[in-house]
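Undergrad: All chains should be modelled from the sequences, with the hints used to inform the complete structure.
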Amino acid sequence: LAKTTQPISMDSYEGQEVNITCSHNNIATNDYITWYQQFPSQGPRFIIQGYKTKVTNEVASLFIPADRKSSTLSLPRVSLSDTAVYYCLVGDGGYSTLTFGKGTMLLVSP
Amino acid sequence: NAGVTQTPKFRVLKTGQSMTLLCAQDMNHEYMYWYRQDPGMGLRLIHYSVGEGTTAKGEVPDGYNVSRLKKQNFLLGLESAAPSQTSVYFCASSLLAGNYNEQFFGPGTRLTVL
Chain A
1 LAKTTQPISM DSYEGQEVNI TCSHNNIATN DYITWYQQFP SQGPRFIIQG YKTKVTNEVA
61 SLFIPADRKS STLSLPRVSL SDTAVYYCLV GDGGYSTLTF GKGTMLLVSP
Chain B
111 NAGVTQTPKF RVLKTGQSMT LLCAQDMNHE YMYWYRQDPG MGLRLIHYSV GEGTTAKGEV
171 PDGYNVSRLK KQNFLLGLES AAPSQTSVYF CASSLLAGNY NEQFFGPGTR LTVL
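The listed protein sequences correspond, in order, to chains A and B. Residues 1 to 110 (this note's numbering) are what the first sequence spells out, left to right. Residues 111 to 224 (this note's numbering) are what the second sequence spells out, left to right.
Below, simulated EDC-like cross-link-like pairs (lysine to aspartate or glutamate); rule was C-alpha separation at most 16 Å, straight line: (1) A:K3 / B:E169; (2) B:K181 / B:D136; (3) B:K181 / B:E140; (4) B:K124 / B:E189; (5) B:K180 / B:E140; (6) A:K102 / B:D148.
Keep in mind that the hints were calculated from the coordinates and are not lab data.
TA: Below you can see the structure in the form of structure tokens.
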């Protein structure tokens, strides 16, 4: 199981770009990096996933350096509605390894 | 297409009572999961199922039982509820196995055990 470390909380203002970094020093060759978002009183939802380099979708970008020991979730021009907890997951599945951890609480202020 | 639904949304139990939480998905997913979420603890996997008629233990299975009699349903049972089981319970499903397969989550069940 590749353990992940991410900041407990981050603060930002509307319109700013937010970068949340996740460390996973013992990531395995077959592991993917996945980010989920959870709003209060809701279940988590999938945001983005990648294996290496950069992945971009309509919601976010994911930057993964060549050594894959960390990854950065980038949220462009955040709004108040981006206030949520963001989880970084690393693994290839083996169900006992699907650990969400404590995530990063992002608070976006006006 | 309702996705993943959970019943009930809220429940209060007394210590020692039993109950069953129902999870249903209409996406024809093979894999289903039960998590619990406690303040400051993230989500922890309780039990999971890789297909109809199969179940397996996750990270925190003690005090819970599960059944997957139909592909679309995954039941979580508490035979004798304890205050330590006060939590928010989330069900999820995925088409295939592995971290690289998106898990779809239900809205959660908030359970309080007095």
